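Colleague: Okay, here's what each chain looks like letter by letter:
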Amino acid sequence: MSGLRQRLVALALVLPLLLFLGVFFAWPLVTMSAEAIPQSVVARGLPRTAAAAAAWDRTTPPTEAMREALVADLRAAPDDQALAGVVQTLNSAKSGYRTLIARTVAALRGGEGPADLAAIDRRWADPAFWRPIAAETANTRPDANLLAALDLRRDEDGTIRSLPEGASANRRILVRTFVIAGLVTLACLLIGLPYAMLMASLEGWRRQVLLAAVLLPLWTSLLVRTAAWFILLQDNGPVNGLLRAVGIGALPLIFNRTGVVVAMTHVLLPFMVLPIYSVLLGIPRNLMQAAGSMGAHPIRAFVEVLLPLSARGIVAGALLVFMAAIGYYITPALIGGPQDQMISSIIAFYALQTANWGMASALGLVLLAITIVLYAVYHRLSVDEPGRA
Amino acid sequence: MTDPFIRLDRVSKAFGGVTVVDDLDLTIGRGEFVSLLGPSGSGKTTILMMLAGFESPTAGTVSLDGARIDRLPPHRRNMGVVFQSYALFPHRTVAENVAFPLRMRGMARPEVAGRVARALDMVQLGAFADRKPAQLSGGQQQRVALARALVFEPAVVLMDEPLGALDKQLREQMQLDIRDIHRRLGLTIVFVTHDQGEALTMSDRVAVFNKGRIEQIATPREIYDHPRTRFVAEFLGETNLIDGVVDRAGAGTATIRVADGTAIEAATHHALASGEAVTVSLRPERLRLSPSAEAPNALPAAVADSVYHGDHIRVRIDAPTGSLIARTPRGAPEWDRGARTFATFAPGDCWVLPR
Chain A
5 MSGLRQRLVA LALVLPLLLF LGVFFAWPLV TMSAEAIPQS VVARGLPRTA
55 AAAAAWDRTT PPTEAMREAL VADLRAAPDD QALAGVVQTL NSAKSGYRTL
105 IARTVAALRG GEGPADLAAI DRRWADPAFW RPIAAETANT RPDANLLAAL
155 DLRRDEDGTI RSLPEGASAN RRILVRTFVI AGLVTLACLL IGLPYAMLMA
205 SLEGWRRQVL LAAVLLPLWT SLLVRTAAWF ILLQDNGPVN GLLRAVGIGA
255 LPLIFNRTGV VVAMTHVLLP FMVLPIYSVL LGIPRNLMQA AGSMGAHPIR
305 AFVEVLLPLS ARGIVAGALL VFMAAIGYYI TPALIGGPQD QMISSIIAFY
355 ALQTANWGMA SALGLVLLAI TIVLYAVYHR LSVDEPGRA
Chain B
3 MTDPFIRLDR VSKAFGGVTV VDDLDLTIGR GEFVSLLGPS GSGKTTILMM
53 LAGFESPTAG TVSLDGARID RLPPHRRNMG VVFQSYALFP HRTVAENVAF
103 PLRMRGMARP EVAGRVARAL DMVQLGAFAD RKPAQLSGGQ QQRVALARAL
153 VFEPAVVLMD EPLGALDKQL REQMQLDIRD IHRRLGLTIV FVTHDQGEAL
203 TMSDRVAVFN KGRIEQIATP REIYDHPRTR FVAEFLGETN LIDGVVDRAG
253 AGTATIRVAD GTAIEAATHH ALASGEAVTV SLRPERLRLS PSAEAPNALP
303 AAVADSVYHG DHIRVRIDAP TGSLIARTPR GAPEWDRGAR TFATFAPGDC
353 WVLPR
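If you read the sequences in order, they're chains A and B.
Position in the first sequence counted from 1, then plus 4, gives you the working numbering.
Position in the second sequence counted from 1, then plus 2, gives you the working numbering.
Pairwise CB distance ranges, derived in the manner of DEER restraints: (1) A:Ala231 <-> B:Gln137: 50 to 56 Å; (2) A:Gln10 <-> B:Gln137: 37 to 43 Å; (3) B:Met109 <-> A:Leu190: 35 to 41 Å; (4) B:Ser139 <-> A:Gln10: 35 to 41 Å; (5) B:Asp24 <-> A:Ile195: 39 to 45 Å; (6) B:Glu236 <-> A:Ser282: 44 to 50 Å.
Straight-line distance between alpha carbons at most 25 Å, and here's what the computed SDA-like set of lysine to any residue pairs gives: (7) B:Lys134 <-> A:Ser282; (8) B:Lys134 <-> A:Ala315; (9) B:Lys134 <-> A:Pro312; (10) B:Lys134 <-> A:Ile287; (11) B:Lys170 <-> B:Arg332; (12) B:Lys134 <-> A:Gln293; (13) B:Lys134 <-> A:Asn290; (14) B:Lys134 <-> A:Leu310; (15) B:Lys134 <-> A:His383; (16) B:Lys134 <-> A:Val319; (17) B:Lys134 <-> A:Pro288.
In short, the hints are calculated from the structure, not lab data.
Source: prediction; values computed, not measured.
Virtual Cβ for every residue (Gly too), placed ideally from N, Cα, C.
Kindly generate the complete structure, drawing on both the sequences and the hints.
Modeller: So this is what it looks like as structure tokens:
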């Protein structure tokens with residue numbers, strides 16, 4: 005009995021968290037994801053009719069099922085406001101719906117059971133007034149946005165084809181996103197691995213200083229760090245000033261890919277260094293000594309002993325950096341040029357500038373799917389510890 | 003020790019201004035088993051690290067078989083090292099661990115396999131070749147480490163408290179195993195330990211370290227029976243130390259007068275001068291408790307404590323020279339607290355140390 009009580013108490017304790025996650029994470033995620041599946045205003049306003057009309061051939065008189073469904077839909081509508089969008093859409097295809105819908109709704113109000121639509125208004129007997137409803141509810145397929153996010157579309161016969169060259173750039177931008185994320189991951193690895201090794205080999209205050217140097221950026225706002233790079237990388241900024249001073253001369257560092265990779269590498273470096281560092285800390289130091297005593301040159305010992313033992317940290321760090329990098333928005337937007345915008349910029353474009361929530365959501369889902377797959381890989385690597393006690 | 007195989011010549015090592023090894027000379031013969039014994043921080047492990055090449059001396063030279071090695075990196079020294087924490091590669095199987103030094107030497111695959119099999123058989127782990135180290139017990143892991151350090155037939159095998167992490171029974175078994183392997187293969191072994199029992203039972207010679215210097219280096223028997231300094235006498239086994247002044251020095255014998263006036267007749271092995279301050283070392287097992295004072299040395303004493311230890315009885319007595327410890331045979335009668343007795347010993351039972 006006390007077991008149940010304890011469980012209830014535990015549940016009550018985590019309830020605020022669950023509510024928070026539900027309201028601010030799960031619900032927005034689900035509703036935004038649902039946006040990816042296109043639904044016309046008509047289909048949303050008249051869901052039963054839309055379902056019934058799907059099987060209709062659009063030339064014969066409307067079927068009994070369609071008429072019953074429309075009656076049910078109109079009765080279910082809470083008020084005229086709810087149908088305003090439906091009327092507006094249908095009117096643009098064929099005029100006359102405003103009065104038709106208003107009269108029908110008024111006639112149906114209060115009644116129950118089947119009603120004779122043709123008796124309320126003769127126009128309901130005419131297939132011409134049913135055709136826009138069928139057309140508006142049938143012309144979009146549920147996967148249209150998701151396919152469009154990958155520059156694909158379904159033909160009339162249902163086969164999936166690529167969009168013609170130049171019609172959309174989503175695929176190119178996705179590839180570019182991966183390329184930039186890959187470059188950043190590589191740069192983080194090249195800097196982060198030696199850094200983590202140095203940090204693990206030091207002790208006392210030296211290690212603390214190096215650790216602080218990694219952690220400090222994590223405690224600074226992303227926007228601030230990006231803004232700092234925006235200043236540093238200017239054509240006449242400090243970095244180019246230094247390059248000129250040492251005789252290399254100014255390099256174009258801002259509004260191009262170099263700048264984006266430099267800034268993103270700095271921002272994401274901690275996610276590479278920390279997993280590698282933590283794995284390195286767990287490797288006994290005398291393994292390298294043992295390898296040396298057995299005749300292994302330090303480089304050979306590194307390749308044969310230290311590298312395989314730290315592989316888990318390296319892979320974990322690379323995945324963390326890559327996962328974070330593919331979602332980057334602010335840094336490419338501020339420091340990159342038009343050819344350096346990543347998938348998040350396109351999502352922002354659809355969501356903020358064209359109010360095309362469907363496409364924004366579909367692209368977001370693509371990004372989410374990629375991230376989840378990468379996370380699954382990461383999780384497997386961080387849970388399974390083959391060969392470790 | 004006709005053949006100085008390993009030679010440390012005036013070696014010093016300081017870490018950040020702290021001298022850990024202080025102007026130390028040490029020679030080890032080919033095929034010798036030498037233990038470096040001392041408390042922690044006495045410099046014994048640092049010596050081993052300098053032999054292995056993990057540390058380099060601040061001053062002095064280290065040579066092996068006549069050639070200087072102190073500037074040689076570890077991988078070119080051809081020394082097997084056995085670590086206290088085993089230092090097995092966790093991502094490699096037992097066989098791969100043992101094969102590692104052979105692969106580093108570019109040995110052909112079939113020969114590697116043969117040598118690995120023989121080395122594992124030697125430590126009775128042939129059946130465990132395909133296991134990962136984590137699947138073995140501590141004793142088995144240490145045997146793998148031993149096989150790995152021996153398989154490439156190194157010039158010297160260095161062992162850094164290799165048995166420290168094992169329980170008592172396993173440790174004693176491994177002591178016998180290592181001694182056996184040493185004899186069979188004629189290896190030169192330098193063995194670091196802080197366990198005096200281990201050092202005495204395994205070694206040809208024991209070097210007792212204190213504060214970065216060697217207090218004494220000699221055979222186990224010599225070092226136990228004839229310690230040269232008070233530190234060695236105290237560090238190896240238990241002893242009673244009585245301070246006194248030489249009253250009369252004769253040939254091979256001397257009378258030592260203790261502060262309370264007691265005179266002790268002691269055999270001496272080196273010349274003492276009258277008036278010299280000395281310490282008499284008296285091992286508890288050489289001290290007898292007897293009802294009569296008929297012995298060259300007989301101190302009247304009262305029993306303060308008597309503890310049964312199974313194979314012996316440990317009696318603490320209050321004598322005029324201070325508190326003494328005696329080990330009496332298990333067959334002897336139990337002592338009551340406060341019982342009067344005489345602590346007797348022959349001149350040859352005690353050992354005179356300079357003070």
